[in-house]
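Colleague: The task is simple: from the sequences and hints, build the whole structure.
Number of protein chains: 6
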Amino acid sequence: MATVPLIDERAASAEVRAMFDDIRATRKVDWINNFWKALANHPPTLRRIWQGLKEVMAPGALDPLTKELIYLAVSISNGCAYCTASHGATAKRLGMSPEMLGELIAVVGMANQTNRLADGYRVPVDERFENLF
Amino acid sequence: MATVPLIDERAASAEVRAMFDDIRATRKVDWINNFWKALANHPPTLRRIWQGLKEVMAPGALDPLTKELIYLAVSISNGCAYCTASHGATAKRLGMSPEMLGELIAVVGMANQTNRLADGYRVPVDERFENLF
Amino acid sequence: MATVPLIDERAASAEVRAMFDDIRATRKVDWINNFWKALANHPPTLRRIWQGLKEVMAPGALDPLTKELIYLAVSISNGCAYCTASHGATAKRLGMSPEMLGELIAVVGMANQTNRLADGYRVPVDERFENLF
Amino acid sequence: MATVPLIDERAASAEVRAMFDDIRATRKVDWINNFWKALANHPPTLRRIWQGLKEVMAPGALDPLTKELIYLAVSISNGCAYCTASHGATAKRLGMSPEMLGELIAVVGMANQTNRLADGYRVPVDERFENLF
Amino acid sequence: MATVPLIDERAASAEVRAMFDDIRATRKVDWINNFWKALANHPPTLRRIWQGLKEVMAPGALDPLTKELIYLAVSISNGCAYCTASHGATAKRLGMSPEMLGELIAVVGMANQTNRLADGYRVPVDERFENLF
Amino acid sequence: MATVPLIDERAASAEVRAMFDDIRATRKVDWINNFWKALANHPPTLRRIWQGLKEVMAPGALDPLTKELIYLAVSISNGCAYCTASHGATAKRLGMSPEMLGELIAVVGMANQTNRLADGYRVPVDERFENLF
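Protein sequences, first through last, are from chains Y, F, C, X, A and P. Under this note's numbering, the first residue of the first sequence is numbered 1, with each subsequent residue one higher. Under this note's numbering, the first residue of the second sequence is numbered 1001, with each subsequent residue one higher. Under this note's numbering, the first residue of the third sequence is numbered 2001, with each subsequent residue one higher. Under this note's numbering, the first residue of the fourth sequence is numbered 3001, with each subsequent residue one higher. Under this note's numbering, the first residue of the fifth sequence is numbered 4001, with each subsequent residue one higher. Under this note's numbering, the first residue of the sixth sequence is numbered 5001, with each subsequent residue one higher.
Keep in mind that the hints were calculated from the coordinates and are not lab data. These figures come from a predicted structure and were not determined experimentally. Ideal Cβ positions, reconstructed from N, Cα and C, are used throughout, including at glycine.
Pulled a few chain Y residues facing chain F out of the computed Cβ check, cut under 7 Å:
| hint | residue |
| --- | --- |
| 1 | Ala61 |
| 2 | Ser77 |
| 3 | Cys83 |
| 4 | Glu99 |
| 5 | Ala106 |
| 6 | Ala118 |
| 7 | Asp126 |
Label-pair distances were calculated between CB atoms; the ranges are:
| hint | chain 1 | residue 1 | chain 2 | residue 2 | range |
| --- | --- | --- | --- | --- | --- |
| 8 | C | Asp2021 | Y | Thr26 | 55 to 61 Å |
| 9 | Y | Lys54 | X | Glu3099 | 40 to 46 Å |
| 10 | Y | Lys28 | A | Pro4005 | 25 to 31 Å |
Modeller: Next comes the structure, spelled out in structure tokens:
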């Protein structure tokens, strides 16, 4: 059960409906997922997050699928079940194959493992990395 | 200061030296970074992690740069300074431009933001995502 | 399903019942929520946590609602669904409006975003902050 | 050492300088802290984050000090050293006393403790909380 | 609902069935839990994780129960519900009593509390610890 | 640099000095580490944390070394550098060998890896675990 009511289109203000329209048009989908219906309880957040997401996920130096894979990887690593399901679905729509998903989850697991090894051994950053980066 | 001594090549056992050789040959680099020198304190871990990493990061359905970007994104998200520096350097070597780094960090930040919005609103997973994924 | 049985009042020892009575009296509520029924499986933990919580959440330099908002924000940020539901309910009882909840979640999301930007860019702490703080 | 060069005012583009000016004017401070100098490496991120932050932290149903306390609490909980230093300094400038800081840190610690107790015992959310919230 | 189909023995390839057999034989159990059925969607991951886990959890300087307690503690601390349930069950099979579980959860909670106090106060590591360790 | 001054014995109130004495006597050490000197800025927190820690870490169904190993594992997993150094030193004083440390860090890494695999595949908890636990 959500913390707040999920605001359906019919119950939404004109401002919220306009953002819902933009979400559907931008993503070329015909429905609104629960995340946005929850955010509609606080319209300034709905507007800020949607506009930010649209900007961040647009094609740039990284293509949309690569961005979506990164988004999915972070969501898995953070244990966010909703975001894992929603960004997993989006990545699949953008072309992520089952094999790509398998490799992505393997990288996420490995990174979480070595992150803790580095922290456990408190490994100092090599001077060469500082110069390289 | 590290939790354990960083084991230099000259102080390493034959078993450890052989793994150091494989790391250099596989990565086409001429030095060993501190992470492996720390792991050399527990040779079974050094062997298992290196072999696992080599397998996971090899070209597959995802290319090596994409895997490295995902690794870097997870390391940043986990706040692991060592891994951010080392995988940042590797990603750069594999072709990550400053613009790609800027977009990657933006996606990591955005994912962390929306992960907490989804958790804060306790948004239930849409049935359509279950069917899609 | 919980890891342990939830210990109901009728099944509780005199020691546990006394703590349940204190929880109800202190909070001016007429029931015991599942968190305490789980902790009752290990009475020293039940006692230590309840006494600590009572002390930490008492009015001080920060008023009880502000403390509850901080508690809720941390629970959301940690992705703890139970604590988000229970401290959300308590904050509401102490006066948190829907608008305050919307702003709180927005701040939690933003902090999680900029925390990772700071970690991703490995920004060094400004000397002026050290002197100010 | 930062992942990217910290961009000084004199080296900044006109677009970046305009945002630096707005940061100083909005916060009534006469300098730019390292976080913004790092973000200046990716101007779209600098713009989006600064505008988002200005909106989220403006007075609303929650006053600026309460928002800053929540921001600081989340930053501490995430182990972000930079954000702990910078938002600690800002909270102090807005009126946080040493006693308030002591209580805030105590609440953050307690929440992290009970979050894990709830997760460890896998406590199911009470139906009453669902109805209350 | 899982992200991928759970692969049952009858639907599994010969390679996957061989690993399932080894899991059952090594653990002296007569069934395969869902974790492995999910990993079977990506056989290289199934193989790598199972072999790694078998190596890491084997008796060594630490006995199997102590290792399992550490595994459970980390899983609780990370808020992983599946791992808390599965490693909790394994620890119980290896001899963890209810009293031991109660103490383990108390230590996990306390560590999470003091970790954030140390981060909140940004306590510098004592020189003596560096010399001792 | 710490967020607050580290309070030295000579600058401490009688109340704080009494707790410092108890810390030294209980642990059989002749000095006070920085964590307690930081907490001394907020005496109620110093008292509550020290008394809680003394209770939680006392011999019980788990012996002090096992408790310390669990504490260290959680601190590593959370990326808390101070706690990793301090609890690593304490564990060493209580008998943790280099080999035990190597195995502990390996278990922490493996748990972090499989926690994310379980979350990435969103594996449902097996009914048998519910009945077993």
